[in-house]
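**Q** Here is how the chains run, residue by residue.
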Amino acid sequence: MTSRSCGPSTTTPVNVIRKNMVLDPRWYEYSDRVAALRNGGTRRVYYRVAFPRRDPALRDLPHPTGRGARRSRRPRDRLPTGRAVHPRGDVLTGGLEPVDAPAQVVWEHAFTSPEAYQRYMAHPFHANVLDRYLLNDSPQRVVVDNDLGAGLVGYHCTGPVFELASGIRRIVLLTRRPPGVAR
Amino acid sequence: MPYVVDTIEVEAHLVAPYLDAVEQLGVPLMTDAGAFFVSCATTSSRYRRDR
Numbered sequence: 001m002t003s004r005s006c007g008p009s010t011t012t013p014v015n016v017i018r019k020n021m022v023l024d025p026r027w028y029e030y031s032d033r034v035a036a037l038r039n040g041g042t043r044r045v046y047y048r049v050a051f052p053r054r055d056p057a058l059r060d061l062p063h064p065t066g067r068g069a070r071r072s073r074r075p076r077d078r079l080p081t082g083r084a085v086h087p088r089g090d091v092l093t094g095g096l097e098p099v100d101a102p103a104q105v106v107w108e109h110a111f112t113s114p115e116a117y118q119r120y121m122a123h124p125f126h127a128n129v130l131d132r133y134l135l136n137d138s139p140q141r142v143v144v145d146n147d148l149g150a151g152l153v154g155y156h157c158t159g160p161v162f163e164l165a166s167g168i169r170r171i172v173l174l175t176r177r178p179p180g181v182a183r
Numbered sequence: 001m002p003y004v005v006d007t008i009e010v011e012a013h014l015v016a017p018y019l020d021a022v023e024q025l026g027v028p029l030m031t032d033a034g035a036f037f038v039s040c041a042t043t044s045s046r047y048r049r050d051r
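First to last, the sequence lines map onto chains S and Z.
Going by the numbering used here, 84 is the number at position 84 of the first sequence; the sequence numbering is gapless.
Going by the numbering used here, 51 is the number at position 51 of the second sequence; the sequence numbering is gapless.
Accuracy of the hints is not assured; some may be wrong.
Label-pair ranges, simulated between beta-carbon atoms [said to hold, decoys possible]: (1) 31(Z) <-> 36(S): 36 to 42 Å; (2) 112(S) <-> 41(Z): 42 to 48 Å; (3) 41(Z) <-> 123(S): 27 to 33 Å.
Don't read these hints as lab results, they were simulated from the structure.
From the three backbone atoms N, C-alpha and C, an ideal C-beta is built for every residue, glycine too.
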């Protein structure tokens with residue numbers, strides 16, 4: 001087992017670093033090379049922030065299960081689902097911190113404008129959470145290789161509009177162990 | 001300042017090729033993209049597997 005650590009400089013945001021990497025032709029050679037050599041692994045993004053034990057802003061979020069009488073302090077129960085993404089973004093950052101229970105992140109995006117989509121593409125969530133499971137150079141990738149360097153996930157909707165009037169749509173991605181790789 | 005920490009599982013005989021790829025391809029790529037390399041360490045191959 002090996003481990004490596006890379007830290008971005010103080011002057012370049014990590015989402016900009018990510019963009020620079022995936023636009024560099026060398027990234028495709030590098031990610032293909034390391035993906036072929038590894039059996040698996042994990043990727044974590046750490047920030048020097050303290051996760052608040054009781055953040056007053058979090059109390060305004062709807063509970064994912066609808067149980068409002070007593071909200072759990074476990075981070076996975078505090079994560080918003082559907083479109084209830086907290087505008088401060090602290091929830092997403094805190095979800096990446098080491099916690100005593102696995103965080104379960106469910107996301108689905110609809111964009112109100114091209115400008116909103118551009119903001120999303122440069123948001124740290126894109127680099128810190130989404131790309132962890134999609135990019136070829138991430139040891140936690142759960143999608144297959146393709147020429148794009150980022151595996152994409154598609155699913156069928158029951159109607160012509162994917163937006164749900166009620167409830168949630170949950171997509172679960174599982175890693176298939178390559179043949180011959182023992183655990 | 002965020003830190004990206006990857007923990008990689010590789011077969012013992014592939015550790016050297018993996019580190020070569022990180023050193024020769026990954027570090028220059030990430031450095032040019034704006035990151036800097038902090039550290040890299042391996043566990044002993046005597047353990048073979050960590051579980």
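**Q** Each of the hints needs a verdict: does it hold here or not?
**A** Hints and how they fare:
1. Range check, residue 31(Z) to residue 36(S): about 23 Å between beta-carbon atoms, so the 36 to 42 Å window is missed.
2. Hint check: residue 112(S) to residue 41(Z), Cβ distance near 45 Å, so the stated range 42 to 48 Å holds.
3. Separation of residue 41(Z) from residue 123(S) is about 31 Å and conforms to the stated range, judged on CB atoms against 27 to 33 Å.
In summary, the structure is inconsistent with hint 1 from the numbered list given earlier, while agreeing with all the others.
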